[in-house]
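These protein sequence lines map, in sequence, to chains G and C. Here the first sequence stands for residues 6 to 428, numbered as in the working numbering. Here the second sequence stands for residues 4 to 257, numbered as in the working numbering.
Since the hints were made in silico from the structure, they are not lab data. Treat the hints with care, as some may be off.
Reference excerpt, derived from the structure (chain C facing chain G, CB under 7 Å, subset only) [to be verified]:
1. P76
2. C81
3. A105
4. V110
Facing chain C, a subset of chain G residues (Cβ under 8 Å, in silico) [said to hold, decoys possible]:
5. F53
6. K55
7. D374
8. S375
9. F377
10. Y378
11. P385
12. R386
Using C-beta positions, here's what the derived DEER-type ranges look like [claimed, not checked]:
13. E249(C) with N412(G): 54 to 64 Å
14. H387(G) with L119(C): 15 to 25 Å
15. E48(G) with F139(C): 48 to 58 Å
16. H387(G) with F139(C): 28 to 38 Å
17. K186(C) with A366(G): 39 to 49 Å
18. D331(G) with E18(C): 42 to 52 Å
19. Q312(G) with P95(C): 45 to 55 Å
20. E48(G) with E118(C): 50 to 60 Å
21. R416(G) with P30(C): 27 to 37 Å
Backbone N, C-alpha and C define an ideal beta-carbon position, used for all residues, glycine too.
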Amino acid sequence: MSAESQSIESLSSLIEGEAQSLRAVRHEALRLVTDQGWPSNREESFRFTKLKEFTKQHFGQNLDEHAASSNVVDDPWLHITESHIHYVNGQQIKNGVDVQGVKVDDWRAIRQHGMLPEQSAFAQSNVFRALNTALLQAGPVIDVAANTKLVAPILLHYVQDHDGKISRHPKVTLKIGAGAQVHFIERYESRNQDSAWTNSVVDIELQPGAQLTHTLVVEEGQQQFHFRDTQIDVQKDANYKFLVFNLSGKQFRQQCDISLSGTHAHTEIHALMLGQSSEQIENQLCIRHVAESCTSRQWVRGIFDDQSHGVFTGRVVVGKGAQKTDAGQSNKNLLLSDNARVNAMPQLEIYADDVKCQHGATTGSLDLDSLFYLMARGIPRHQARQMLIRAFAHEIADQIEQPFVRNHIERAIDARFAGQEPK
Amino acid sequence: MILNIENLHASVQGEPILKGLNLKIQPGEVHCIMGPNGSGKSTLAQVLAGRDAYEITQGSMTFKSKDLAEMEPHERACEGFFLAFQYPHEIPGVSGLQFLRAAVNAVRAFRGQEELDAMDLMSLFKEKAREVNISFDDLKRAVNEGFSGGEKKRNEMLQMAVLEPQLIVLDEVDSGLDIDALKVVSDAVNRMRTPERSFLVITHYQRLLNYIVPDFVHVLVDGRIAKSGGKDLALELEDRGYAWVEEHAGAGAE
Chain G
6 MSAESQSIES
16 LSSLIEGEAQ
26 SLRAVRHEAL
36 RLVTDQGWPS
46 NREESFRFTK
56 LKEFTKQHFG
66 QNLDEHAASS
76 NVVDDPWLHI
86 TESHIHYVNG
96 QQIKNGVDVQ
106 GVKVDDWRAI
116 RQHGMLPEQS
126 AFAQSNVFRA
136 LNTALLQAGP
146 VIDVAANTKL
156 VAPILLHYVQ
166 DHDGKISRHP
176 KVTLKIGAGA
186 QVHFIERYES
196 RNQDSAWTNS
206 VVDIELQPGA
216 QLTHTLVVEE
226 GQQQFHFRDT
236 QIDVQKDANY
246 KFLVFNLSGK
256 QFRQQCDISL
266 SGTHAHTEIH
276 ALMLGQSSEQ
286 IENQLCIRHV
296 AESCTSRQWV
306 RGIFDDQSHG
316 VFTGRVVVGK
326 GAQKTDAGQS
336 NKNLLLSDNA
346 RVNAMPQLEI
356 YADDVKCQHG
366 ATTGSLDLDS
376 LFYLMARGIP
386 RHQARQMLIR
396 AFAHEIADQI
406 EQPFVRNHIE
416 RAIDARFAGQ
426 EPK
Chain C
4 MILNIENLHA
14 SVQGEPILKG
24 LNLKIQPGEV
34 HCIMGPNGSG
44 KSTLAQVLAG
54 RDAYEITQGS
64 MTFKSKDLAE
74 MEPHERACEG
84 FFLAFQYPHE
94 IPGVSGLQFL
104 RAAVNAVRAF
114 RGQEELDAMD
124 LMSLFKEKAR
134 EVNISFDDLK
144 RAVNEGFSGG
154 EKKRNEMLQM
164 AVLEPQLIVL
174 DEVDSGLDID
184 ALKVVSDAVN
194 RMRTPERSFL
204 VITHYQRLLN
214 YIVPDFVHVL
224 VDGRIAKSGG
234 KDLALELEDR
244 GYAWVEEHAG
254 AGAE
């Protein structure tokens, strides 16, 4: 499949009835896709990305706006907060957010009014973001007013259970007003094993003094591809905390660009990648220190079994004006099989002189001394192994505040690696 | 008989360390193995516990008439074997409570007993922790992580007390301990002494034996027991040094 053939097919029917100005943006984005085509492994940021299998696929798009499955069972996730926005097969089926100071729209509605996704959203970026602009159907636009302090999290729940090879191109837009405090949970789940492709774009703006804890949970099927482009602007004194849990999915690739654009802004990323079978999980993080006296931390851990493959790039760019930057990153990987592998690349680009940057990366297998110590106290081998795997993930999982979410992650870790006898 | 080791040969990476060791331990006995560095003391402890880095090339070892070599490390522990490690391992991310809970219930499951519920476990751990001077809050910390040498040894004693094993091997439990910590550790051991339970105390120094009084003392030289005797042998060793036994090695062996 070529990038263009699939897109053009979908596009013409999609944009029918849209405002002329929006159609122009769509066509421009599509032209970019057509010019560039799919990326290749010769490009630095796609060096390790498995592209062969993905580009062989042919995904259709679900254009039926009423095709959302009625099968919205009583999902326990929807009980963790009243404020949930529920999407099934790319269509919004419920918006339960009813809180003072929070406004939730959907791109579907906005499109009809002819409003544009900002030009900047695809101007400087890659083919996937451009394709999202061209084919975007739906996705929440969340606006939190200044000084709004939310007690309960906002949950964005994406469920996929459509049969057939479907692609979806959701766009999530989040604006946190000055001084507001928000917890945003985003979860992607697939309930079938059909091949599907999610091409998501997430744009977040934190205005001065805003605080956002953002938890991403990806639990997709063995035939599901998920490419994601995330751009975050963290303004003066704002605090962005990003928790990433890659629990399953055939291929996940996130390009996440965080800009610390105002003084004393802070960001921290805690990511846990769990790989099995031939899954590939890729987190390309880039933190741009633009303003003075900002701090950033990246804690990334990966557990990889079978022939799975992890890719982590932790890029820190410290601009000329970003004196007194304090940046740190730590990446630890646990390989449970001889065929699992990880490519970990810290990248520092520093143009200021008064800067503190630390990084460290380790990759190893399960510690045999620890295993022996546990067994020497009567704990059977598979249980000891399970305890050590869980312990390795613990530091990241422990960052989750909601007991339900934390338990869910811990159970997922156990279920993925631990029940089995060691190889 | 609790432990019967006959003509045991073991090597690590092809290098022979134990070269025909014999040792019999009856219920209720406290044996002590002393010996110079490199004589094979710690190797013996690791081999008994089932560390797979060591290869048994000859001989046999049975624990309550069962062949130890045929058992996985956790099976040995569940049968009632306990090794107090010379260097207790740190396990980040696993709390002391989790560890103890998993160990107690694994051992109970192996013995066909019901799991203890959280309440019973807590009161058990609290009681035993108090005995070895460990605060309950310390049990919430990761196993041995950031603990001092003395604290780690007390953790070993806590595990021992909780698991109630039948044969306890103490591998240089006195190393790195000041006199107060030594007293806590030896009190913990002495509290465990019963007519059914046996101990094998491995140490380099006689000092420990002032606190844990053995029934038998063996001197290990070059992978074999070169001399055996009562507790007075330790005092004699202290007086004359290991060179005295090494000179007579062979002559004093069985």
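Going down the list of hints, with the structure as the test:
With a least beta-carbon distance of about 4 Å to chain G, the hint placing P76(C) at the interface is held under the 7 Å criterion. A cut of 7 Å between beta carbons decides the hint on C81(C): the least distance to chain G is about 5 Å, and the hint holds. The criterion of a C-beta within 7 Å of any C-beta in chain G is met by A105(C), whose closest approach is roughly 5 Å, and the hint holds. Checking V110(C) against chain G: minimum C-beta separation of about 4 Å stays under 7 Å; hint holds.
For F53(G), the suggested interface contact is broken, since its CB lies about 28 Å from the closest CB of chain C, more than 8 Å. Contact between K55(G) and chain C, as hinted, is not supported at the beta carbon level, the nearest pair being about 31 Å apart and thus beyond 8 Å. With 8 Å as the threshold, the beta carbon of D374(G) comes within range of chain C, its nearest partner Cβ sitting at about 5 Å, so the hint holds. Taking 8 Å as the C-beta cut-off, the interface hint given for S375(G) holds, the closest approach to chain C being about 5 Å.
Taking 8 Å as the C-beta contact cut-off toward chain C, the hint placing F377(G) at the interface holds, the least distance being around 6 Å. A hinted interface residue such as Y378(G) counts as satisfied when its beta carbon comes closer than 8 Å to some beta carbon of chain C; here the least separation is about 4 Å, so the hint holds. For the restraint placing P385(G) at the interface with chain C, the shortest Cβ-Cβ distance is roughly 5 Å, inside the 8 Å limit, so the hint holds. About 7 Å separates the beta-carbon of R386(G) from the nearest beta-carbon of chain C, less than 8 Å, and the hint is met.
Between E249(C) and N412(G) the Cβ separation comes to about 60 Å, which falls inside the hinted range of 54 to 64 Å. Checked against the given bound of 15 to 25 Å, the beta carbons of H387(G) and L119(C), roughly 21 Å apart, stay inside it. A hinted range of 48 to 58 Å for the beta carbons of E48(G) and F139(C) is consistent with their spacing of about 56 Å. Judged by the Cβ atoms, the range 28 to 38 Å given for H387(G) and F139(C) holds: they are separated by roughly 30 Å.
For the pair K186(C) and A366(G), the beta carbons lie near 45 Å from each other, so the given range of 39 to 49 Å is met. A beta carbon spacing of about 50 Å between D331(G) and E18(C) agrees with the range 42 to 52 Å that was offered as a hint. For Q312(G) and P95(C), the Cβ-Cβ distance of about 28 Å falls outside the hinted range of 45 to 55 Å, so the restraint is violated. The hint said 50 to 60 Å for the Cβ distance between E48(G) and E118(C), and at roughly 55 Å that hint holds.
For the pair R416(G) and P30(C), the supplied restraint of 27 to 37 Å is violated, since their beta-carbon distance comes to about 45 Å.
Hint violations for this structure: numbers 5, 6, 19 and 21, all remaining hints satisfied.
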